[in-house]
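K.L.:
Okay, here's what each chain looks like letter by letter:
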Amino acid sequence: MDEQTKSVTSSKQAPVIEPGYTFATVTDKISAIVLQRPTSNGWFVGFGIGFLLTMMMLFAIGYLFVRGTGIWGVTIPIGWGFAIVNFVWWIGIGHAGTLISAILLLLRQSWRNSINRFAEAMTLFAVSCAGIFPLIHVGRPWLAYWLFPYPNTMGVWPQFRSPLVWDVFAVSTYFTISLLFWFIGLIPDLATLRDRSDNRWAKIIYGILAMGWRGSARHWHRYETAYLLLAGLATPLVLSVHTVVSFDFAVGIVPGWHTTIFPPYFVAGAIYSGFAMVLMLAIPIRKLYGLEDFITERHLENSAKVMLATGLIVAYGYVIEAFMGWYSGNRYDAFTLWNRLHGPYAFFYYMLLACNIVIPQVLWSKKLRTSPVWLFFISGVVLVGMWLERFIIVVVSLQRDFLNSSWGMYYPTRWDWMTYIGTIGMFLAAIFLFVRILPMISIFEMRTLLPEAEVKE
Amino acid sequence: MSAAHNNFDLMAPPVAKTIRQRSLLVGAVFSVVAGMIAWKWPDQFFHAYLISYMDWLGIALGSMAILMLRHLTGGGWGMVIRRILGAAMRTLPLLALLFLPILFGIPRLYIWARPLDSIQDKLLREHLEQITKTYLTTNGFIVRAVIYFAIWGAVAFFLTKWSAEQDHPPIRDNSSRFKALSGPGLILYGFTISFAAIDWVMSIDPGWISTIYGLLHLAGQVLSAICFAVVVERILVRYKPMSELLQPDFVHDHGKLMLTFIMVWAYFSFSQWLIIWAGNLPEEITWYMKRLNGGWGYVGLFLVLFHFAVPFVLLLSRAFKRDVTRLVWLAVWLLVAHYVDLFWMIEPNFSKTFTVTLADLVIPFAMGGLWMSYFFRNLNAMPLVPAYDADAKQVLEPAHE
Numbered sequence: 001m002d003e004q005t006k007s008v009t010s011s012k013q014a015p016v017i018e019p020g021y022t023f024a025t026v027t028d029k030i031s032a033i034v035l036q037r038p039t040s041n042g043w044f045v046g047f048g049i050g051f052l053l054t055m056m057m058l059f060a061i062g063y064l065f066v067r068g069t070g071i072w073g074v075t076i077p078i079g080w081g082f083a084i085v086n087f088v089w090w091i092g093i094g095h096a097g098t099l100i101s102a103i104l105l106l107l108r109q110s111w112r113n114s115i116n117r118f119a120e121a122m123t124l125f126a127v128s129c130a131g132i133f134p135l136i137h138v139g140r141p142w143l144a145y146w147l148f149p150y151p152n153t154m155g156v157w158p159q160f161r162s163p164l165v166w167d168v169f170a171v172s173t174y175f176t177i178s179l180l181f182w183f184i185g186l187i188p189d190l191a192t193l194r195d196r197s198d199n200r201w202a203k204i205i206y207g208i209l210a211m212g213w214r215g216s217a218r219h220w221h222r223y224e225t226a227y228l229l230l231a232g233l234a235t236p237l238v239l240s241v242h243t244v245v246s247f248d249f250a251v252g253i254v255p256g257w258h259t260t261i262f263p264p265y266f267v268a269g270a271i272y273s274g275f276a277m278v279l280m281l282a283i284p285i286r287k288l289y290g291l292e293d294f295i296t297e298r299h300l301e302n303s304a305k306v307m308l309a310t311g312l313i314v315a316y317g318y319v320i321e322a323f324m325g326w327y328s329g330n331r332y333d334a335f336t337l338w339n340r341l342h343g344p345y346a347f348f349y350y351m352l353l354a355c356n357i358v359i360p361q362v363l364w365s366k367k368l369r370t371s372p373v374w375l376f377f378i379s380g381v382v383l384v385g386m387w388l389e390r391f392i393i394v395v396v397s398l399q400r401d402f403l404n405s406s407w408g409m410y411y412p413t414r415w416d417w418m419t420y421i422g423t424i425g426m427f428l429a430a431i432f433l434f435v436r437i438l439p440m441i442s443i444f445e446m447r448t449l450l451p452e453a454e455v456k457e
Numbered sequence: 001m002s003a004a005h006n007n008f009d010l011m012a013p014p015v016a017k018t019i020r021q022r023s024l025l026v027g028a029v030f031s032v033v034a035g036m037i038a039w040k041w042p043d044q045f046f047h048a049y050l051i052s053y054m055d056w057l058g059i060a061l062g063s064m065a066i067l068m069l070r071h072l073t074g075g076g077w078g079m080v081i082r083r084i085l086g087a088a089m090r091t092l093p094l095l096a097l098l099f100l101p102i103l104f105g106i107p108r109l110y111i112w113a114r115p116l117d118s119i120q121d122k123l124l125r126e127h128l129e130q131i132t133k134t135y136l137t138t139n140g141f142i143v144r145a146v147i148y149f150a151i152w153g154a155v156a157f158f159l160t161k162w163s164a165e166q167d168h169p170p171i172r173d174n175s176s177r178f179k180a181l182s183g184p185g186l187i188l189y190g191f192t193i194s195f196a197a198i199d200w201v202m203s204i205d206p207g208w209i210s211t212i213y214g215l216l217h218l219a220g221q222v223l224s225a226i227c228f229a230v231v232v233e234r235i236l237v238r239y240k241p242m243s244e245l246l247q248p249d250f251v252h253d254h255g256k257l258m259l260t261f262i263m264v265w266a267y268f269s270f271s272q273w274l275i276i277w278a279g280n281l282p283e284e285i286t287w288y289m290k291r292l293n294g295g296w297g298y299v300g301l302f303l304v305l306f307h308f309a310v311p312f313v314l315l316l317s318r319a320f321k322r323d324v325t326r327l328v329w330l331a332v333w334l335l336v337a338h339y340v341d342l343f344w345m346i347e348p349n350f351s352k353t354f355t356v357t358l359a360d361l362v363i364p365f366a367m368g369g370l371w372m373s374y375f376f377r378n379l380n381a382m383p384l385v386p387a388y389d390a391d392a393k394q395v396l397e398p399a400h401e
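Chains V and P, in that order, are what the protein sequence lines are. Note that this note's numbering has the first sequence beginning at 1, numbered continuously upward. Note that this note's numbering has the second sequence beginning at 1, numbered continuously upward.
Honestly, the hints are just simulated from the structure, not real lab data. Quick caveat, the model's predicted, so the values are computed rather than measured.
Straight-line alpha carbon distances no greater than 20 Å define the calculated SDA-like cross-link-like pairs of lysine to any residue that follow:
| hint | chain 1 | residue 1 | chain 2 | residue 2 |
| --- | --- | --- | --- | --- |
| 1 | P | 256 | V | 235 |
| 2 | P | 133 | V | 330 |
| 3 | V | 305 | P | 74 |
| 4 | V | 203 | V | 27 |
| 5 | V | 366 | P | 179 |
| 6 | V | 29 | V | 291 |
| 7 | P | 133 | P | 207 |
| 8 | P | 256 | V | 229 |
| 9 | P | 161 | P | 186 |
| 10 | V | 366 | P | 73 |
| 11 | V | 305 | V | 280 |
| 12 | V | 305 | P | 69 |
| 13 | V | 367 | P | 183 |
| 14 | P | 290 | P | 273 |
| 15 | V | 366 | V | 280 |
| 16 | P | 179 | P | 391 |
| 17 | P | 122 | V | 331 |
Only chain P is shown next, with the shape it has when bound in the complex (with noise of 0.2 Å):
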């Protein structure tokens, strides 16, 4: 243990900076794009910007929810990734921050913040009479966002305070306080997180609903947080300290998860479609109407085939699931075919036939590079290994099992 009290060791590689420095001039050029688009094309950029937020906001707070997880139960495999998710998580203030141009666009996003007499749909329009009183308003969107952000900010900010503290002397056991908050914290993540997707994205459709849409986008925004953990780490590990803690079985078990929430994901969205097929109501059947024709059937093909089929083929198997280097590239599939998920959820709203807009392929690189530029300046903020973690002992000692 005499490694913990040098903290050198313990640190992110200098390689970190490298990606944070070259994520900064990606994010920046990209920017500079999507500024320009944003002039030229305004709708198309909104709309490329809602699916991008969506998607990295995703991996900030899956992570957060992962790392609840984990200091409820327990477990090597956890510790040996928490810093990743930590450094994640902490990413909400620069998410905070780039919501605020969501703001800007409400009236081009949602049918609801738009004068009511241009609707040509008589029930529809009955419908938004009544829910631009009470729920769907603008101001209501404002203040909700705020308590959205408020609990996660508040959640972010006592598991980053208490994990700081483990890693100075007077070195205090704060297993309990984690537990204590992650219990709650869970909860609350799963109640603002359903509200949040009923918000910002279920409501562009004001007239459909749907019970498990905020679980399908939990599911899918813990998928995309441990495939991003796995990326991070594939990176570090061929670096001190992870070359030193990153076994195989840790690896194993992330492998797991990724399929656990392959299978989430893929049973969540099965059990919304046949349930809405098999009622075929109309005010119900027009979201998957819309999604399934005009070119946009064979993007949902796509992720039958490569959000769920093939990740599941491949992670059944025992060997890839254990070797870093192999999981890695499905953990980068997975995260594209998260924003296909996204992009098929949200786009099919604005256009009837499939289309790529130019938006869509610049402004997911303008707000990651951002994003992991920050990601990796709160990486090198704390000390890579939490060395008075409760299961430490197990991940830097393997040697006395």
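Chain V on its own, in the form it takes in the complex (with noise of 0.2 Å):
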């Protein structure tokens, strides 16, 4: 009976990989995307579209440099506008890359093992993207190491009760920890490439950042210790990052920025970004990589499912502010809730709740969290539903505050879109670099999920 009941409860999953699989199939399948397949004409078109964007987002800052910050639509009282709304949206889509590497491997689970590296390089990119707003933001972005509190002959120094400084902080801690663990994780693969690479150019760059890895038992035991000793260190960071953009609303005392919630409701919505960003990512290139081997229904199914629960977490974050924006009996809190569901931005507050709390209810269903097509069409639902959301947060909260004589409006220029699409066409562009010149998924990792590599004593 019992080995009935267990028969059945793990039939019902995919496996994490297909079977059929030995050591050398493995290796052999990924490194040849890298190595052996040629360069589609389709790379070239999504590549140079990613590449123009840059061009674009490029002229755009250099525009930004030459005549400063007022062509953007930011003024008093909105001067945070699409800056910091872009900033938050893709620092949170650089959370899942983290999550995925660190704490999942932390708690053994070991589906990650072939999402984790592209992942990890998404979180990068994401984070690249992020970090161009705020310096850009500043005024002076000439100025912008001033951030940091260094000695110098002005006597200027950082305020450290700002959160904006933790920021400066938070973000370079994680891009660096960040980097270093998706460094380390690549160190055995780029060894792989470099033994298998025919071209001699190949050889010695995959060679110089393999940095001497001969596989050797020392090598094996250094490199374990070293990657989970990062993981322990980039698990805090997964939380502290978000928690400290979310102070940076938080410890002011506009209505709708100042609720004790935030921390772990940004969060929660970073996560949920991050993982809708990852299925937008693996759904089209397991598809044209021919990885669902791989990247099976197990994965999409396992992301779907994080999705649904940080989103539900998401959804308690703005039922509990709706409610205590109500009990509080505090009018600006209770303006606040009116301005969102009846103000000029109100379209955009229902658009809010339909992409992240309605339509992601779908994914309660097993067969739509199995199916690649719904998965990247919530997605993207959802990836929308974030940056709306931190819209309304920054947007709508400043737009009418304490004065009715001080109220305004924001309309972002042509300048602040093609800026923000111009990062979106960078990310792609290193999302594209990234799987044709390194291993998009873990070639060691993914062959200790072979059941060769299970230990028989």
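Take each chain as given, in its own frame, and dock them per the hints.
P.N.:
Now the structure itself:
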């Protein structure tokens, strides 16, 4: 009976790697994408579009440097427009990588092995996109280094009580640790590419990056220790970065910003959008590169479950915030709620509720959780929803504050849009480059998932 | 697996009955004293009663939450304490009964239930004139409490029913049912405990709000529940069948859960404090002013050190987490610290300076004695080992690893 029970429960879930693979075929299949597969026209088109959009962004930023932030739609009372909305959106997307690579590693969730590599790459690119915005938003970007507390003769010192300064530390630490984590995880695979590459230049470059990896027992021992330590270091960062971002808002006393639920609610929202982006990338990539055997239904379903859970935490945040706005009897809190529901941006608030809460509930259905097409669509909806959420928080809260005389509206200009869409292009271009020159799935970690890898005593 | 068919071996050891009787005795004796306090100092009685009630309720509901979490994620760590959590969860009928005295204390506990004319603060009075017409009414309070208990009761009922079905042939695999209930069940728990915490505790100070408040209670409940499970597994590990089941790996996982929820609790508490401190708004900061002045600040400091810092450092040690005989001391400690946390949240509403009344010392034992007795009754009612749990094979036959 028990055997039966076991087999019934285990057969319901798709495997993390389809049967029929050996150590050699796994290595062949993943490394061939980089080494043997010819660069397709589709790749050039995709990369080209991303590259052109990046150029557009650089043009918009160049013009910004010449003319100043006046070319943007930001003005008083809405001094934080697209730049902060997009910063928070990108940083949020950059959360899935570390969650997958560090927390799921510590939780011994081996299914992570086939998506951690490109989730981490995605994290790095997303954080890079995020980092652009505050830098160009400071007004005099050439003095942005003043944010760091370095000894100087001017007597300039950052305001340590401001979360904006904590952001500098949180984001730069996060980027550094994510980069190290990603790079260390790459080393054994870089050595594989070095050994397998026919091209002399490729051999040299992969060889330098592999840092002399020979795969000896001592190498592996040190590697495992370093990787585990980094995972431990990275875990609190998953929480801390978006917590600090939420403090940017919550320590102010603007209604709509000043609320204690923000830290966990921001973190949940970040993971929500991060997994949505992982799915949006994984679904086309597995199709185009024929990787359905490695990124299986199980991965799609598990990611969908994470999205469902974090989405519900976000929904909890909305409910509690709305309830407290009413319960507190604070007229400004109550007005913020009213303004969201009936103000000039009400349409976006209803869109937000639809995108973040209503539509993703279809993920309760196992059929939709395992359908790539549906998941791709829902992930897109979630990404839009999470962008709208930051827009509502930033713009609608500032739009109508305590004094009626200082109310205003926010209209993004074409320079705002060019910068924002440009970062998406930069992100895509980076992803295209990544899948072309590095193994997008961790080869050696995939090998550990094979039945051969199980140690028999 | 032959042992599974012989249910005798899988029942709780006789020590459970002994503790049950002794707990009942303690509960009865302290209840008599508590009754006298209620007669002599009714205000003090109700304050202490609410604190104590939230504490014991937290263990029951936290156990239910961990149980559902485990049904969703699986794992041997949950299989060995599944019936302990289940027995704690099934104390809900007793807790529903113990809720009744609070109804008699409503006007003593909640300012909104008293005549509003006596309130000096004009803003608060105006606010209460509004909110007592809609939300904070005695009838609404009772109706909502009935809803919370109905939801908790329904979740507990089905979790128990399906679990019991697995004890007797014909065995059916209920894993998918458990999963189907646990997802929505956890959401319901999250919402109901938040609103219950608002109704029962936060509304003592009706002018103050904090949107993270419900989650703060939730974290405390789950923490106290896992600590309680560690205490019970420590008692049972001296006897069969727990002595054969409880592997260091599972204890390690329980220790990790303790560490996680200590961090979650600290994270929520710190976030709330930092945001309110930085905002420094008159309607919010008063909550901390009450809790940091008049001697209460030392209690707050105590919580920082002994509800977070010291347990956190101890739990970093791998050896400590794996040894149930050592871990149990921290678990007991954290149960006490959680009580102090609730004390610090509730009592400063009523008393400007730090005071511990006789009621604060007596009622936790009165209620706890009765609760523990009922808990051990529940523990005896079902086999201690769910032999047909999805992870039973991994736990019962570790030799195959």
